[in-house]
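Two chains, two frames, some hints: make the complex.
Top line first, the protein sequences correspond to chains A and B.
In this text, residue positions in the first sequence follow this note's numbering: the first is 980, and each later residue adds one.
In this text, residue positions in the second sequence follow this note's numbering: the first is 42, and each later residue adds one.
The set of hints was computed from the structure by calculation and includes no laboratory data.
Glycine included, every Cβ here is placed at the ideal spot set by N, Cα and C.
Every clue listed holds true.
In the PhoX-like style, the derived pairs of lysine-lysine whose C-alpha atoms are separated by at most 25 Å in a straight line are:
{"#": "1", "chain 1": "A", "residue 1": "K1023", "chain 2": "B", "residue 2": "K128"}
{"#": "2", "chain 1": "B", "residue 1": "K124", "chain 2": "A", "residue 2": "K1107"}
{"#": "3", "chain 1": "B", "residue 1": "K131", "chain 2": "A", "residue 2": "K1023"}
{"#": "4", "chain 1": "A", "residue 1": "K1107", "chain 2": "A", "residue 2": "K1087"}
{"#": "5", "chain 1": "A", "residue 1": "K1023", "chain 2": "A", "residue 2": "K1012"}
{"#": "6", "chain 1": "B", "residue 1": "K65", "chain 2": "B", "residue 2": "K156"}
{"#": "7", "chain 1": "B", "residue 1": "K124", "chain 2": "A", "residue 2": "K1104"}
{"#": "8", "chain 1": "B", "residue 1": "K75", "chain 2": "B", "residue 2": "K124"}
{"#": "9", "chain 1": "A", "residue 1": "K1087", "chain 2": "B", "residue 2": "K65"}
{"#": "10", "chain 1": "B", "residue 1": "K65", "chain 2": "B", "residue 2": "K75"}
{"#": "11", "chain 1": "A", "residue 1": "K1087", "chain 2": "B", "residue 2": "K128"}
{"#": "12", "chain 1": "A", "residue 1": "K1087", "chain 2": "B", "residue 2": "K75"}
{"#": "13", "chain 1": "B", "residue 1": "K124", "chain 2": "A", "residue 2": "K1087"}
{"#": "14", "chain 1": "A", "residue 1": "K1001", "chain 2": "A", "residue 2": "K1012"}
{"#": "15", "chain 1": "A", "residue 1": "K1012", "chain 2": "A", "residue 2": "K1104"}
On the chain A side, residues computed to face chain B include the following (Cβ under 8 Å):
{"#": "16", "residue": "R989"}
{"#": "17", "residue": "T1053"}
{"#": "18", "residue": "A1054"}
{"#": "19", "residue": "T1055"}
{"#": "20", "residue": "Y1078"}
{"#": "21", "residue": "Q1079"}
{"#": "22", "residue": "Y1081"}
{"#": "23", "residue": "V1082"}
{"#": "24", "residue": "A1086"}
{"#": "25", "residue": "K1087"}
{"#": "26", "residue": "I1093"}
What follows is a set of in silico ranges between Cβ atoms, one per label pair, in the way DEER data are often shown:
{"#": "27", "chain 1": "A", "residue 1": "Q1008", "chain 2": "B", "residue 2": "E177", "range": "58 to 66 Å"}
{"#": "28", "chain 1": "B", "residue 1": "T161", "chain 2": "A", "residue 2": "N1003", "range": "47 to 55 Å"}
{"#": "29", "chain 1": "A", "residue 1": "G1094", "chain 2": "B", "residue 2": "V210", "range": "23 to 31 Å"}
{"#": "30", "chain 1": "B", "residue 1": "I88", "chain 2": "A", "residue 2": "N1024", "range": "42 to 50 Å"}
{"#": "31", "chain 1": "B", "residue 1": "V210", "chain 2": "A", "residue 2": "G1112", "range": "42 to 50 Å"}
{"#": "32", "chain 1": "A", "residue 1": "Y1002", "chain 2": "B", "residue 2": "V99", "range": "55 to 63 Å"}
{"#": "33", "chain 1": "A", "residue 1": "V1040", "chain 2": "B", "residue 2": "K60", "range": "33 to 41 Å"}
{"#": "34", "chain 1": "B", "residue 1": "A100", "chain 2": "A", "residue 2": "N1088", "range": "29 to 37 Å"}
{"#": "35", "chain 1": "B", "residue 1": "C130", "chain 2": "A", "residue 2": "R1101", "range": "26 to 34 Å"}
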Amino acid sequence: MIYGFYLYSRTGLCLFHLELVKYNGLSDQEEHKRFLFGLLRTFKNFSHFVSHEPQDNIVRVISTTSFRLHVCMTATGLRFAILSSLETPRLDQTLSYLYQLYVEYVAKNPLYTIGTVIHCDRYYKEVKRHLTGEVYNFNASKYAK
Amino acid sequence: SQSFCAVYVMASVSIQDQKRLSSKGDTAFANMEKVNCELFVMTYGAIVIQLVKDIGDVAKVNTRLEAMGYNIGMRLIDEFLSKAQIKRCKNFQETAELIARVGLKMFLGVEGSIKSKDDTTFYMDLSNNPLNDFVELPPQFKGKLNYCNLLCGVIRGSLEMVQLRVQCVYTKSVLNGDDCDQIKVSLEEVLEDVFADDDD
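So that you can see chain B by itself, here it is in the shape it has in the complex (with noise of 0.2 Å):
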């Protein structure tokens, strides 16, 4: 079942495009190998934890969330493209629809929602993250600790693999008391193509 957190009405992706790739992201997911939800959740929680104890300074730990999750995105993004037949995106905009609606749910199960600051920013908010499930954080880590910042790293990791160099950070939390979750995703630069002997 989806729940939507709320729909908004963007300048450029029209809401039959949205359904159109909300019902491209319910395939995808369909056809993905599944594992156990609480299995999932459960080993990223001992990742984290074993990470704080191991490297004790909590903006170290997400540092090395987002390490991680760059190199996963950079694997990730490959799966992505193959098993749910992308095309090639018109703007940033349609990008962002595309990892919240169809990127999320193959991979995660959930859908995000968009909100869009201009061309080259958007905020996208996760209502029902399912990380964050038994998740509890105690209060020298509250406001610290992002602790779904693999997300941060999967998403720059995968974007950087199209040529987008982003900048993702964590700027609500769940566990922190806020609302939802969300991810603010800023465009720094498009890369260019570089090849090995141009001078020929």
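Same shape as in the complex, but just chain A (with noise of 0.2 Å):
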């Protein structure tokens, strides 16, 4: 299930995010945020570090025991990242449906400027949405049996 989504500018400002299962407060949610952000900023750089093609190597997943990270950068600097619990599969058509999502109501939005935080209402609820919606389908395949 997904636990939370996060939309990065690319100077590292957190511009949206949607936490699905709350955390127990054990640090501000800023550092938090910023936390995330560095360590996707410090793993592309890595992965630039340790590649053959340093061009072609792109992070997709960043397992742990506990938890998957999915991250989606795209060539104007935006990172759409969601955290999942380890039996989520991959969210690659997620993560672009979510950059579609944000194309329609965050970019083509008149009233909002490029590069602040996100206080577009109907993205918020298109997202929100799409990801509880998707949440639901995993659960419901464990109880199928």
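Right, dumping it as structure tokens:
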């Protein structure tokens, strides 16, 4: 199941976040978001350093023993990141659909300035609908047997 | 129906790649919402006329059109990347082909063709720019007003969002008597990422 969705700009500002599972408030919310961006950026630099063809090495999924982090970075520097549980399959389609939602409800919104925090109501509703819909499907398959 | 102005064989982008990009452009165009061509073209003309009336000075109108295009380009690039499923370009020539065959096709419905000078400059020819339909420039504006300068701004704005700072100018125009529209794009700088708190 999906724990949360984070959208970062090129400069590291968290433009949008949606938490479906609340954490126990161990650390400050803002720091938590900054850590996540730091992780994404560091991993990208590291992957360039480690690979044989630096241009083509793209980070897609980072897994630990308790969670999975799915990443999609666009050429414009936007990073779409989804934190999920371990049994969640690849979320490339979901991330790509979230990018389309961004284009429809944020990029095309004349009241929104590019690079600032997103306060678009419609975008929030669409993202929540899409992600919570997905969560329901995963849980349903567990009980289907 | 596509019309190719000319097909130039390029050192780094092959004919197969061009065909592949053209079909990609066609698919992307087919999936886009469309608006009536005359409505779009007439509205653009009305904007230009209003700018000329409001500002007066032709050079300032050109700058204003380019600035408007720049703001459009900044938002357009995400739609372009998302709808056409674009991956990274290896060099500037690929970027040029992508803009002409996929980008222009997707948003204007016509393809451009690329003539490249070197690794950092290219010329894009547009043989049937729809924005020029029904337009006739009066003699006092011929050669001075870049009617489609918005396109230059759009290209500049879009490329800046992908870290390429370019300069984009109109070199030939059908409205001035030339055979086709030509835009010259020259790469000035590849921008580096600047992060908020880099000295932790």
